[in-house]
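Construct the complete structure from the given sequences, taking the supplied hints into account.
Chains as they are written, first to last, in the numbering used here: chain Z, 1 to 151; chain D, 1001 to 1739.
No wet-lab data here; the hints were simulated from the structure.
You may find that some hints are simply not true.
[Claimed, not checked] Result set (BS3-like, lysine-lysine): computed pairs, CA atoms no more than 25 Å apart in a straight line:
1. D/1431 to D/1257
2. D/1231 to Z/9
3. D/1231 to Z/69
4. D/1164 to D/1187
[Said to hold, decoys possible] Per label pair, the in silico range of CB-to-CB distance:
5. Z/83 to D/1073: 44 to 50 Å
6. D/1343 to Z/121: 56 to 62 Å
7. D/1212 to Z/17: 56 to 62 Å
8. D/1264 to Z/121: 51 to 57 Å
For every residue, glycine included, the Cβ atom is placed at its ideal position computed from N, Cα and C.
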Amino acid sequence: MPALTVNGKSHSLDVPPDMPLLWALRDVIGLTGTKFGCGIAACGACMVHVDGQPTPSCVTPVAAVVGKKIVTIEAMDQDPVGRRVQTAWREADVVQCGYCQSGQIMAAAALLAAKPRPSDADIDAAMAGNICRCGTYGRIRTAIKRAAEST
Amino acid sequence: MNAVVRALGEQSTSRRRFLQGGGGLLLGFALPGFGAEQSRNEKPPEAAVGHATRAMTQESSGLEPNAFIRIDRASAVTLIIHKVEMGQGTFTSLPMLLAEELEVDLQQVKLEQAPADNERFGDPLLGGQVTGGSTSIRASWNPLRQAGATARTMLVSAAAQRWKVDPSTCTARNGVVTHQGSNRSLKYGELVDAAAKLPVPKDVALKQPKDFTLIGKAHHRLDSPDKIDGKAQFGIDVRLPNMSVAAIAISPVPGGKLQAVEDKKAMAVKGVRQVIKLDRALAVLGDHMWAAKQGLAALSPKWNEGPNATLTTASLVAGLRAASEKQGAVARNDGNTEKAIGAAPRKIEAIYEMPYLAHATMEPMNCTVDLRNGLCELWVGTQVPALAQGTAAKLTGLPLDKVRVHNHYLGGGFGRRLETDFIALAVEIAKQARGPVKVVYSREDDIQHDMYRPYYLDRMSAGLDDKYLPVGWFHRIVGSSIMARFAPAAVQNGIDADAVEGAKDQPYAIPNVRVEYVRHESPVPTAFWRGVGATHNIWVVESFIDELAAAAKQDPLAYRQGLLKDQPRMRTVLDLAANKAGWSKPLRAIEGRRVGRGISVQFAFGSYMSQVAEISVGADGEVQVHRVVCAVDCGQIVNPDTVIAQIESGVVFGLGAALWNEVTFDKGRVQQNNFTDYRVMRINEAPAIEVYMVKSNDAPGGIGEPGTSAIAPALTNAIFAATGQRLRKLPVTATSLKA
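This is the structure we're talking about:
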């Protein structure tokens, strides 16, 4: 019975240890902001932070994150970098359908936490794992730069 | 107390309705049929979708009181919105139309998703409750503004009566009516009860474009806040008490049936509740997705694959090629094309091919169903709520009013969610499920059990005169008819209006033009895909005109300009895109790469657009798209930032498909699985996109799809400029571009 710490709150879960974190978050804990996109870490929709590291939750078993600090999109507004990213996202009108944007924001916040002034190449490297079928990439780039400048 | 529901428009006086409960002003407004001001001559082919939804729900067509606006005593304005939000910005641009004339702050307008109802929430352009075909603004432009103006007029009249002054001395701004002379003012909420007792004015004057305060100015999206903090609810996010989650297996071969499955192994998996066998599919229901997936993985279902088990892409294309030898139904016939081409000093022929495409929306197909006590509730994201309702009613045998559709944000539509196959599957599963069930496609299910953009094979020929100008243009389109499946009545004289869109109305001044359509079906299910018929035909037309320019040894821009002398709006966007792209200046060389620039121009979805793509090709044949310049005249612009966003979106969507995407078949099975082998464009591959908008007060055109249809020819024409290779088959990777 793994205990997970998600957004600062502890959850005792009756789930198999090989269950991907994604389904524990969405179907058991009820945090549906983290999205299912591909199931094989190829699209980034399920991105969360595990001890600050951007992590695709669809291929991360719960057993691997017991005792670690898991942060999801629902708590991004409590993170100074996350809040800046969200503000920049709003100002640049990044979202369209919005389904991938939780993952995009998690990836962007992790990038900015690691590199407060990312270059275009840094943005490409950090964000290439996140697919957006609405093609909001230009605005994602703009918003990341805007968030970087707002520190 | 009873609140009066007032139906505006011509039928208003005869269509008053009373609803129980709530105070304030409740206004219904009619969405009238499209008038002559519409720049597109015909109803879009998606109209058939509307016909189909009506056929399914057995509801009458006609102009019933339609969508609703509610203003309560606290001045809150609610628009029950008849269009869905799938990224295209309707949940911002449609309330802008209302707020402009109602004179309220945009932030004051709250939205509620309309229930399933063809009668009240049908789109006049599409003939049913459908969001698609780039029609939302076009079809709502007049009715929503008129509704706002009518409500505002009534509120002003109510205030004027209260103050015993002439209404013309009162003004409405920001949800407040003010009497100029005495400086008295009242909020809308304080006037709604009095306004509700007034007669509905018949003719209200709409603002002149110069007086617009909202329309034409960029506004932040109203759906942003919910979509950046994880609160936005998509269909897949629904959670109901005691709900199970279903993983599915569908026959890997189209038309195949489930033969046998030993379900014990699945039931042994912890958390698995039920195994459900259907004619063509299998579902494992679990406490959560992981249990369901594990249960499904434990099974080895046997399928009776049926006659389609030998299908291959080669056999499918051979069928199309054979069909292309036959004469088709004639969609357009100007002059005598055969004679003109036969007599021309130079003849050019080509065959173009476009592959099957999947939609691959970010949110995989899903639908949640609770079927109990004679009631069927659906939680889903759909472009066709009434069709979803009708589908469920038919499968359950319930009357329409016992089927409720709770529509959600759509995690991408692109035409995929015009279909209800996944909803039907969920309802079939729910009929056997104990309790509510959420059916979720895996990405593999989503790609392998999509309904695909048809494979098209087009035969082109043209005759050029001694000045290398076209005297004859022949275009024969061969492919599956989506309309014939969806709405047979929409196919007239053998012509599927969607299949010939963009070909039949090719814009160039050519004296002899013949456009034919040969319907050729295969077992592959086909459906609309972003840009619909235009995405296929504009690529062919704009590629072939480029071929003619090359044969004439003329600049492709100048050649087009010469043939578009009588098309001022086409010329404007063509010249603007070329100018902004710096067409006349040579491209900067990139060491080790071949560079090129290509252009396209189109009229589609009521909008005029031209794009210039700048690309380079490496020695290994890999294409990079560096820059796309787009000029657009989509008539009156409502939210310019949404226009830009939709073009950016359409370009990226169309580019990835043109460069890399094809769904192929072997042994009757789709060979693609996931984003690993169905490659979509990523941030490091996306070009810089510039959008230039032509100022216009003409009726609005559509913008959700034109960006997609214009990009493929600009891309392949640029590849021709860079490499000398004319690409007549997509995707680009189907042809080697190695140096």
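To see whether the hints hold, each was checked on the structure:
1. D/1431 to D/1257: holds (19 Å)
2. D/1231 to Z/9: holds (18 Å)
3. D/1231 to Z/69: The given pair, whose Cα atoms are some 21 Å apart, holds under the 25 Å limit.
4. D/1164 to D/1187: With a Cα-Cα distance of about 17 Å, the restraint between residue 1164 of chain D and residue 1187 of chain D holds, given a limit of 25 Å.
5. Z/83 to D/1073: 44 to 50 Å: Hint violated: Cβ distance 36 Å, outside 44 to 50 Å.
6. D/1343 to Z/121: 56 to 62 Å: Since the Cβ atoms of residue 1343 of chain D and residue 121 of chain Z sit about 58 Å apart, the hinted range of 56 to 62 Å holds.
7. D/1212 to Z/17: 56 to 62 Å: Taking Cβ atoms as reference, residue 1212 of chain D and residue 17 of chain Z lie about 60 Å apart, which means the hint holds.
8. D/1264 to Z/121: 51 to 57 Å: holds (54 Å)
Taken one by one, the earlier hints fail for this structure only at number 5.
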